[in-house]
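Assemble the whole structure, with the sequences as input and the hints as a guide.
Residues per chain, in single letters:
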Amino acid sequence: MGLEIAFWIFASVSVVSAMAVVFLSNVIRSALFLILCFLSVAGIFITLNAEFLAAAQVLIYVGAVSVLILLAITLTKEIQHGNLFNKLRIPALLAASGFLGVVIYSLINTDWVISGTPPEQTTVKLADTLFNNGGYILVLEIAILVLLVAIIGSIILVREK
Amino acid sequence: MTLIHYLILAAVLFAIGLYGAVSKRNAVVILMCIEVMLNAVCITIVAFSRYVTPLLLTGHVFAIFIIIIAAAEATVGLAIIISIYRTNKTVDATKIDLLKW
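Protein chains in written order, with this note's numbering: chain A, 1 to 161; chain B, 1 to 101.
Calculated directly from the structure, the hints in this document are not laboratory data.
All of these numbers come straight from a predicted model, not from anything done at the bench.
Hints should not be assumed to be uniformly reliable.
[Said to hold, decoys possible] Cross-link-like lysine-lysine pairs, in silico, DSSO-like; alpha carbons within 27 Å at most:
#, chain 1, residue 1, chain 2, residue 2
1, B, Lys95, A, Lys87
2, B, Lys100, A, Lys77
3, B, Lys95, A, Lys161
4, A, Lys77, B, Lys89
5, A, Lys87, B, Lys100
6, B, Lys89, A, Lys87
7, B, Lys95, A, Lys77
8, B, Lys89, B, Lys100
9, A, Lys77, A, Lys161
10, A, Lys77, A, Lys87
11, B, Lys89, A, Lys161
[Said to hold, decoys possible] Not everything, but these chain B residues come out facing chain A in the computed CB check (under 10 Å):
#, residue
12, Val12
13, Met32
14, Glu35
15, Val36
16, Asn39
17, Ala40
18, Ala70
19, Ala72
20, Glu73
21, Thr90
22, Asp92
[Stated by the list, open to error] Restraint ranges, calculated between C-beta atoms of paired labels, are given here:
#, chain 1, residue 1, chain 2, residue 2, range
23, A, Val158, B, Ile66, 22 to 32 Å
24, A, Asp128, B, Thr87, 48 to 58 Å
25, B, Lys95, A, Lys161, 15 to 25 Å
26, B, Leu56, A, Arg159, 37 to 47 Å
Beta carbons: idealized from backbone N, C-alpha and C, even for Gly.
Pasting the structure below:
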């Protein structure tokens, strides 16, 4: 019961704040509503028994990515013009709502195979899955290498000549 | 709560992000909408992992990879936007047409 109430609160907050990101006319306010959207997605992760992912979401998205976005907004002067739409507004609305309709229709008409209840705590099992033998340690190292290359590349891109 | 609620929530978030990413002018706002879409995909993967294969947790692993790649993408994208702003004095995606002819 409590889980259901939490799900509905987080779901409505995330959808409303995502719409605010798109429709608000002030870019800074859109970025702040994006932070709210990230936080409620972290809450959704908690209702799905994914505590580690919720913590990672708060640390990486709310902590790092949103600060980066706010910094980029303040470094570019585009904020004076507001949060404008381009001339693809109506076709984009049609395409997005058509996509949503098709996806929801196919979701409702599919028989999903639901299996039993999960363990209460997933963080320890997640660490086992990641780091044990036959785990994903090599893939994780490659992902870390990708992140390092991205950091170095962005430093080179924004460096003053 | 069943699987279908989470999947519909993720579909709604993805559609909102898609609409914003296609129809916005400011390049930073386009990146923000792409982040919303990536979050929706993360919700889908974790919901499938919770309800379909709850004992394997592979969905959590792939959600971690999505978060890593999204962080890298945000870093490089914002660096490119700032670099474009230095040369063009604008981040309006309709006015950045250097590769158009």
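* **Unsatisfied constraints (hint numbers, rising)** => none
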